[in-house]
Amino acid sequence: MTQFTQQTTFYTEDHEWVTVHGDLATVGITRYAAEQLGDVVFVETPEVGKTFKKGDDMAVVESVKAASDVYAPLSGEVVDTNSALADSPETVNEHPEGEGWFCVIKFSDGAETRNLMDKDAYFEFCKGQ
Amino acid sequence: MADQANDTLRRTPLHDLHQEHGGKMVPFAGYEMPVQFEGVKPEHLWTREHAGLFDVSHMGPCFLYLKEGLGQPGAHEKISALIERLVPSAISTLKPGQGRLTVLLNEDGGILDDLIITRMPDASLDGMLYIVVNGAVKHDDWALIREKLAGEAELQTADDRILVALQGPEAEAVLTPHFPEAAELSFMRCAHVQKDGQRYMVSRCGYTGEDGFELLLPNNETGLAYVRNLLGDERVKPIGLGARDSLRLEAGLCLYGHDMDASRTPVEADLQWVIQKSRRERADFPGAEKILKQIAEGPAEKRVGILPLERAPAREGTEIHVDGQLVGMVTSGGFGPSTDSPVAMGYVRADLANPGTKIDLMVRGKARAGEVAALPFVQPNYKR
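So the protein sequences, as listed, match chains X and R. Just so we're aligned, residue 1 is where the first sequence starts under my numbering, counting upward by one. Just so we're aligned, residue 1 is where the second sequence starts under my numbering, counting upward by one.
Simulated from the structure, these hints should not be mistaken for lab results. Take these hints with a grain of salt, some might be off.
List time: in silico EDC-like cross-link candidates among lysine to aspartate or glutamate, alpha-carbon distance up to 16 Å [as the list claims (entries may be wrong)]:
no.	chain 1	residue 1	chain 2	residue 2
1	R	366	R	310
2	R	366	X	35
3	R	383	R	196
4	R	366	X	47
5	R	366	R	319
6	X	54	X	124
7	R	237	R	170
8	X	54	X	14
9	R	24	X	35
Part of the chain R face toward chain X, derived, beta carbon under 10 Å [unchecked claim]:
no.	residue
10	41
11	311
12	363
Restraint-style ranges between C-beta atoms, simulated for each label pair [stated by the list, open to error]:
no.	chain 1	residue 1	chain 2	residue 2	range
13	X	94	R	354	39 to 47 Å
14	R	323	X	75	48 to 56 Å
15	R	151	X	128	53 to 61 Å
16	R	186	X	36	38 to 46 Å
17	X	128	R	196	44 to 52 Å
Everything numeric in this text was worked out from a predicted model, so none of it was measured. Glycine included, each C-beta is placed from N, C-alpha and C at the ideal position.
For reference, chain R alone in the conformation it holds in the complex:
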């Protein structure tokens, strides 16, 4: 994440709203973003019990579509064949409105980003994909996709709009009066809503382990009014980046640039499930040879959950030792307000990746007891 000097930071359309709610603003991924409102712990717990509203307008929503033949028979297959050159997931088998987590790969099978690709729900827009990439690397991702698919597909960025996530067990009840379509969606399904002459994307997904939605709204008075309405609901509170991080860590979800990067393959990152059988058989994605070999033989190192057994959090960069030997590194770590304990994840030698394996976490030079743990630390609450 490149932090930039304050004078070059972008602001999201919700900037004034954050300030009205007392958000403490920090530089993040090139934007001025709220790190907290009331406090990380109360915001985290509120999201797990009620509903939290996250401004994720710094992320990279975009639409990728065929230059010709949109809505015609075979259009989805055509656009899928194009994007499947860059990602190892089966996009062609997506049903209308269905989304899938995948990874953008380099030629060595290294992860350039993780992203969600959704087939547009409308038959008239078959041949168009809704894609959301990470904020910190969105310009690189977009440049790569445009370069690789030049002349065949167009990419239209949508990061000038409002993108918010409403997460938590009360998210559906809060959202349904505004978007009745929301209740019909199951996990990783998306609706394209037309209302008052404007269009919205409503997706049932998120980054907290809770049920919830992401909404792509127009950057105008109507879009802002929706966000104000949601925040006006007593079940909803604004949530900052601090709680976003502790929620996703408890949910065992990766943060790009920390828990995975270009030096890691999806197998090492324990994300081989994003590579469906049909793609493994076709072996036609970047780095396929290396990745398929790792699937067959197992990787040398693997991402695992790490549970510190003492009260000291083991943060990013903490060395993992066994019998005095360096065997891995923590890539994300902190305190889990819901588990009421420190939680972490990182990479260890594959022979040490079984849950329950005892490890030493070298916190400020002192060995602290820990163990490899199954992820996630909290049971997900997705609506399947």
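Next up, chain X with everything else stripped away, as it sits in the complex:
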């Protein structure tokens, strides 16, 4: 099983960031995604204890414009969720890659990180969007 002794951040093609440390992964949406969405007005974070397979619908982020699904970047169980977003969804626009995190997953298969991008690859990916 892949272990992450150092904190490492990966990115998905759906514009989520995943910071892994040990067997825990903190998940949110990237600054690029937050800017594309515009003003975030509601976030539905997953409940603690729920399990997801990689690619499942995990959370929903709603802007003035539309509702967008957020997919589980890794398989695992939700062990923490950012309840502050219920009262201040705008945090996602202000600090998308920090205080605007969505949830923490205890992931079951570290090898799944192999299809995720590192920062440079994600930067290139966004340029092509």
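Got chain X sorted already, so can you dock chain R onto it with the hints?
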């Protein structure tokens, strides 16, 4: 709204201007249109406080006129009698330059479109109506009107021109130096302006709940220069389709194809006010029997405002439940930047249509508290 592949999309005369202002272009009603510039929320709030400029050239402005006898006594009565075969509103009683919202009906009383019909202000053009229909269905509307009035009236389309809306509390102050006639108009009144050898239609109406104007301008350098002048005013910003939708939703105004369609009558859509008393008495419009019965007895379902009481927006297609039973559906929903809350509208069983009725909004399978609310969500700012 039929979204089409990018290569078949039409462009409005303001396309380059949108790109200069950083508009994010999307397919809409067969056109490439700006969905946003700076962002939906700031554009929405700017319009409510200052003035927003909307490109609505994708819509369907047209002129309907008598084949013979334009400007002669009785001409307005003649053209009104023709169009009143298709709409339930009193057109004959319009004063010169007065406009009225109405609906195009099928034989079952279903709504084919909503439109504004205006009597031309000029006496010499009595017998001509200025009509603006929705962009998404304009070709169907025009074909229907031409078919039903063949041999009696001519329809000239004007969707090759520039049609813009200037909306917001500062719209009058912005527009008056360019069109002094604008200040004289009250809500739903129109001027036909002749200037520099060109003609313009200036109407005091809109789709935001704010005071404002719609301008039909020639598609040439002069028309473009007007739009550039308006946008050059520091009180004016360009506004995209995103804010247009949130503004009209807060104002309780229907979006055709969503909040009403051919399966809904004007009574169900809570638009029976477009049917004036004289037309109810004459009962001579399409679907009159069904519609008058609904007015007398009440419809089974009715369009209402819906206020989600939690922070989650209830969008189009959200089921409305009471005691676990399906009682209706959201037809438009989103977040209102001015109300700073989610807002929606939809249809519910008529016995549940009173404001304050508690309902459950089934957002992604979860029941969220909501209530039926009076429309509009923001007080209109029309100049009566």
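Here is what the structure says about each hint:
With a C-alpha separation of about 12 Å, the suggested pair residue 366 of chain R and residue 310 of chain R falls inside the 16 Å cut-off, and the hint holds. Restraint check for residue 366 of chain R and residue 35 of chain X: not satisfied, since their Cα atoms lie roughly 28 Å apart, outside the 16 Å limit. Distance restraint check for residue 383 of chain R and residue 196 of chain R: the Cα-Cα separation of roughly 28 Å exceeds the 16 Å cut-off, and the hinted pair is therefore not satisfied. This hinted pair checks out: residue 366 of chain R and residue 47 of chain X have alpha carbons roughly 13 Å apart, not beyond 16 Å.
With a CA separation close to 10 Å, the supplied pair residue 366 of chain R and residue 319 of chain R stays within the 16 Å bound. Distance restraint check for residue 54 of chain X and residue 124 of chain X: the Cα-Cα separation of roughly 23 Å exceeds the 16 Å cut-off, and the hinted pair is therefore not satisfied. The hinted pair formed by residue 237 of chain R and residue 170 of chain R meets the criterion: a straight-line CA distance of about 11 Å does not exceed 16 Å. Taking the CA atoms of residue 54 of chain X and residue 14 of chain X, the gap is near 12 Å; set against the 16 Å cutoff, the hint holds.
Distance hint between residue 24 of chain R and residue 35 of chain X is fulfilled; the C-alpha atoms sit about 13 Å from each other, no more than 16 Å. For residue 41 of chain R, the interface hint holds, the least distance from its beta-carbon to any beta-carbon of chain X being 4 Å, beneath 10 Å. With a cut of 10 Å, the hint placing residue 311 of chain R at the interface with chain X holds, because the nearest CB-to-CB distance is about 5 Å. A hinted interface residue such as residue 363 of chain R counts as satisfied when its beta carbon comes closer than 10 Å to some beta carbon of chain X; here the least separation is about 8 Å, so the hint holds.
For residue 94 of chain X paired with residue 354 of chain R, a C-beta distance near 40 Å keeps the hint of 39 to 47 Å intact. Between residue 323 of chain R and residue 75 of chain X the beta carbons are some 38 Å apart, a value that contradicts the proposed interval 48 to 56 Å. Against the hinted window of 53 to 61 Å, the Cβ-Cβ separation of residue 151 of chain R and residue 128 of chain X comes to about 58 Å, which satisfies the hint. Checking the proposed 38 to 46 Å range against residue 186 of chain R and residue 36 of chain X shows it holds: the Cβ atoms sit about 42 Å from each other.
A C-beta distance of roughly 48 Å is found between residue 128 of chain X and residue 196 of chain R, which places it inside the suggested range of 44 to 52 Å.
Hint compliance for this structure: hints 2, 3, 6 and 14 are broken, all remaining hints hold.
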